[in-house]
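Each chain is listed here by its residues.
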Amino acid sequence: MLSLEIFRAHKKEVVAAWVEAVFATYPFETTGFLRTKQDPFGNPVAHMTREAASTLFDAVAGEDMHPPTVKNALDRFIKLRAVQKFLPSQSLAVIHAMKPILREQVLPKMQDVGQLAAYLEAESRLDSLALLAFDMYCEARETVAEARIKEIRNQHAQLARWAQRLEDGGKAE
Amino acid sequence: MAKLPTPQMLVASRPAFPEQDWLDIKPEFAPGSFCYPAKKETMELLHMPNPHDWDPAAEDWNLPENWEKILCDAFAERLEKHRSLKLFMDICVRCGACADKCHFFLGTNDPKNMPVLRAELLRSLYRRDYTMLGKLLGKKVGARSWDKDVVKELFYYAYQCTECRRCSLFCPYGIDTAEITAIVRELMHEVGLGTHWIMDPVKNCSFTGNHLGIQPHSFVEIVEMLADDCETVTGIRPKTPFNEKGHEILFITPSGDVFADPGIYTFMGYLLLFHELDLDYTFSTYASEGGNFGSFTSFNMAKKLNAKMYAEAERLGAKWILGGECGHMWRVINQYMDTYNGPSPSHMITPKSPITGTVFKNAASTKMVHIAEFTADLIHHNKIKLDPSRNDHIVTTFHDSCNPARAMGLLDEPRYVLKHVCNNFVEMPENTIREQTFCCGAGSGLNTEEIMELRMRAGMPRGNALRYVQQKFGVNHMACVCAIDRATLPPLADYWAPGVTVSGLHELVGNALVMKGEAKRTMDLRQEDLPNVVDDEPEGEE
Ligand code: SF4
Ligand code: SF4
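These protein sequence lines are chains Z and A, in that order.
Take the first sequence: its letters are residues 1 to 173, numbered as in the numbering used here.
Take the second sequence: its letters are residues 1 to 542, numbered as in the numbering used here.
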């Protein structure tokens, strides 16, 4: 349990650094706003980033977490990045961006107390989370593609029924 | 050995301090972030200036040779014509109150989607020609000259603004960025730049009456099919009066609700309500489109399409006009119709409900009443019988559509109706509703599928608030009073809050309405089984 305690002691700094790393993927002029405004509806991007950050960290640290809880906490964040103007790699590389932060903040402490194996396990958990995020990302992109098809269909739904009826020789008459 | 980039290198999309000023960074026309261009033939048919073939993703947009002069003159003309525009160019103090209020900004984090900077794109051009400092100091005071990239940039950001006016609510000077966007779109049209999704409906409305260009006889048949569906659900086939002279009321609604799922169910709600009231009304095939895509094009085009309403009221001798659930249709009626095409034909009267006797003094000038007001008044006077328990499987919230909310203040009437037809109603968070409502992300002619990705990020603030009430209060439905919303909110909900369905207000009214002589309702207007139906005593089984 020593490992978990060390992780917990560093949560605040790691989460803050990771949130900054995510904000840095947006234009310079808007980072200040993301940082400062706290309203979950007035500044949704910051809110969903912080929610993802906290859960991501807990899951990496090895807290007892249900996969659906983790998924739900990452959901908005991944969906947002899936429709912003990023390459897929840029969208998801932010998950891996936690690694250098952990190596800087947590790894030395873990090494000091002979917990290297536990630390490596934590990094592996981050890799798994990145794969989970990859699934969610793909699902989001598919939803967008489906929405385009569905929308075209819905726009003319009634027209299609009418045309069908004409084709059937106006059997309603 | 070649080196692979690290994850940090992949995400580092910008240096710590940008080398360029925000104004110098040019937009990238990536697929999914721009609308397809209008067809040359469409623009020719509509007598739009400088029609030509072009591709937004191409380097050269084939602008007419003297494009710069055209644009400078057109801008000057509009500054002369609209005092408000000149004022908006002059008085912004860059306080930033509007900056974070735009859903496009919140979803994209693109600084040029801050309303203040969106306007600044045009203001920088204004400064060069119309301010002393700009003339003298140029770039130092944020003035710049026209060039082809500037044209591209104006186009790009004028179609990343839904003219929703949320920003203007927060501006201490009342600067209306939506109007600035409208002007920029007009300027773009001067050099032949328009979008297919807007200009095609404009053409269809101009030539045939509805946005898909369906011929009148077919239009009537399609509406009759909806009346048949009403009969399937209720056992009563409502009447569908078309182009009949001498009725008291002319009813005009967006044609989207005749063609599109789920708008058709709202239309069925109208048919049932009017039938139950035995309302003295008619539809028109000529004025069969309440929506006005002309208002996303230019003031003149909006005026032209709007003119059909009074012309048809005059021809048919209707005393007043009842209008269906639409967003921008009401912006045009409430804010522009009077000056476009007013005064109303002289035989028209201040609308008075034939059922309750209520006089709608608020509509004394335009002679047009919104159906939510009309129905709220009916309910207030106890004139219709409702069984809200038929909607008990629904926990609904209400999305204030930008135009009815901010351009006409229609906030309480739809809620009043909704609460009488549904037992479970939940509001979304305060700073996302009523006047502060967040746009669906695809209004003002941006509801086209090729920019679905853009719509999902622009609609995120709305989707985010919806998701919140879904998770916290079990909301599974969102009602609205706008035909564009009925098209744009379903994909938004599917993305941000899957499991939430969307409908118009009068679909729910139609479901709850207890009609004289109706058959027992076992399904809703979508012909889906009602979950809470109790079986009657079996009536003499065969
Ligand atoms: S009108 Fe709406 S979309 Fe346009 S800048 Fe203002 S808030 Fe943004
Ligand atoms: S709120 Fe008004 S004055 Fe302030 S920056 Fe925005 S447009 Fe300018």
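One thing to keep in mind: the hints can contain errors.
Below, a list of computed lysine to any residue pairs in the SDA-like style, where the Cα atoms sit at most 25 Å apart [stated by the list, open to error]:
1) Lys-150/Z to Phe-170/A
2) Lys-361/A to Asp-392/A
3) Lys-37/Z to Gln-436/A
4) Lys-37/Z to Lys-361/A
5) Lys-150/Z to Asp-127/Z
6) Lys-37/Z to Lys-135/A
7) Lys-385/A to Ala-364/A
8) Lys-37/Z to Asp-149/A
Here are the in silico distance ranges between beta carbons for each label pair [said to hold, decoys possible]:
9) Gly-246/A to Arg-165/Z: 26 to 34 Å
10) His-66/Z to Pro-216/A: 37 to 45 Å
11) His-66/Z to Asn-431/A: 28 to 36 Å
12) Trp-22/A to Arg-165/Z: 49 to 57 Å
13) Lys-3/A to Arg-8/Z: 52 to 60 Å
14) Pro-100/Z to Val-426/A: 38 to 46 Å
15) Ala-57/A to Pro-67/Z: 36 to 44 Å
These stretches of chain A come out as covered by chain Z in the derived footprint (C-beta under 8 Å, 3 or more residues) [unchecked claim]:
16) 219-230
17) 336-345
18) 364-371
19) 402-413
Hints listed in this document are in silico derivations from the structure and should not be mistaken for laboratory results.
Since this is a predicted model, take the numbers as computed values, not measurements.
Note that CB positions come from ideal geometry on N, CA and C, so glycine has one too.
* Among all the numbered hints in the text so far, which are the ones the structure does not match? -> 1, 2, 4, 5, 6, 7, 8, 10, 13, 17, 18 and 19
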